[in-house]
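*Asks:* Sequence:
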Amino acid sequence: MKFIIIASVSYVVGVLAFTGFLSFVMWHNAFREFGYGYWLRMTVSVVALMWIFYGLYWLGRHL
Numbered sequence: 001m002k003f004i005i006i007a008s009v010s011y012v013v014g015v016l017a018f019t020g021f022l023s024f025v026m027w028h029n030a031f032r033e034f035g036y037g038y039w040l041r042m043t044v045s046v047v048a049l050m051w052i053f054y055g056l057y058w059l060g061r062h063l
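Residue numbering for the sequence shown follows the working numbering, beginning at 1 and increasing consecutively.
Just so you know, the hints here were simulated from the structure itself, not pulled from any lab data.
Heads up, some of the hints might be wrong.
Unchecked claim - Have a look at the derived ranges for each label pair, beta carbon to beta carbon:
| hint | residue 1 | residue 2 | range |
| --- | --- | --- | --- |
| 1 | 3 | 26 | 16 to 24 Å |
| 2 | 35 | 58 | 31 to 39 Å |
| 3 | 52 | 25 | 28 to 36 Å |
| 4 | 48 | 2 | 29 to 37 Å |
| 5 | 17 | 54 | 17 to 25 Å |
| 6 | 46 | 24 | 19 to 27 Å |
| 7 | 54 | 16 | 35 to 43 Å |
| 8 | 52 | 18 | 20 to 28 Å |
| 9 | 40 | 5 | 30 to 38 Å |
| 10 | 24 | 53 | 28 to 36 Å |
| 11 | 27 | 63 | 30 to 38 Å |
| 12 | 4 | 37 | 19 to 27 Å |
| 13 | 41 | 20 | 16 to 24 Å |
| 14 | 27 | 62 | 48 to 56 Å |
For glycine and all other residues, C-beta sits at the position ideal for the given N, C-alpha and C.
Work out the full structure, taking the sequences as your base and the hints as a guide.
*Replies:* And the structure:
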């Protein structure tokens with residue numbers, strides 16, 4: 001359980017760092033350039049997939 005929490009938080013921090021880097025490189029705000037909804041949907045969907053795969057792994061180990 002500790003691993004999936006660390007992985008989820010690390011991914012969200014990584015996405016924020018990446019968009020900050022894109023904003024610096026492109027001299028534009030990456031959130032506005034691609035849209036807030038894009039980054040939000042992508043982040044939530046990947047974190048949800050991580051938890052789904054972890055849940056399937058956990059079920060496989062405990063059933």
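*Asks:* Do the Cβ positions of residue 40 and residue 5 conform to the proposed distance bound of 30 to 38 Å?
*Replies:* 20 Å, violated
*Asks:* Can you tell me whether the CB distance of residue 41 to residue 20 sits inside 16 to 24 Å?
*Replies:* 19 Å, holds
*Asks:* Using the Cβ atoms, figure out if residue 52 sits within 20 to 28 Å of residue 18.
*Replies:* For residue 18 against residue 52, whose Cβ atoms are near 23 Å apart, the range 20 to 28 Å holds.
*Asks:* Should the hint that residue 27 and residue 63 are 30 to 38 Å apart at their CB atoms be regarded as holding?
*Replies:* Given a distance of about 53 Å, which is not inside 30 to 38 Å, the answer is violated.
*Asks:* Go ahead and decide if the range 28 to 36 Å is satisfied by the Cβ distance of residue 52 to residue 25.
*Replies:* Given a distance of about 33 Å, which is inside 28 to 36 Å, the answer is holds.
*Asks:* Indicate whether the distance between the beta carbons of residue 48 and residue 2 respects the range 29 to 37 Å.
*Replies:* Between residue 48 and residue 2, where Cβ atoms are some 19 Å apart, the hint is violated.
*Asks:* Using the beta carbons of residue 4 and residue 37, state whether their distance is inside 19 to 27 Å or not.
*Replies:* Holds, at about 25 Å.
*Asks:* Is it true that the C-beta distance of residue 3 to residue 26 lies inside 16 to 24 Å, as the hint says?
*Replies:* Violated, since residue 3 and residue 26 (Cβ atoms, about 34 Å apart) do not stay within the stated range.
*Asks:* Given the hint of 48 to 56 Å, check if residue 27 and residue 62 actually sit that far apart at their C-beta atoms.
*Replies:* Check passed, 51 Å falls within 48 to 56 Å.
*Asks:* Falls inside 28 to 36 Å, the C-beta gap from residue 24 to residue 53?
*Replies:* This hint holds: roughly 32 Å between Cβ atoms.
*Asks:* Look at the Cβ atoms of residue 17 and residue 54 and judge whether their distance stays inside 17 to 25 Å.
*Replies:* Cβ of residue 17 to Cβ of residue 54: about 23 Å, so the range 17 to 25 Å holds.
*Asks:* Starting from the hint 35 to 43 Å, judge whether the C-beta atoms of residue 54 and residue 16 obey it.
*Replies:* 22 Å, violated
Hint check: violations occur at hints 1, 4, 7, 9 and 11; the rest are consistent with the structure.
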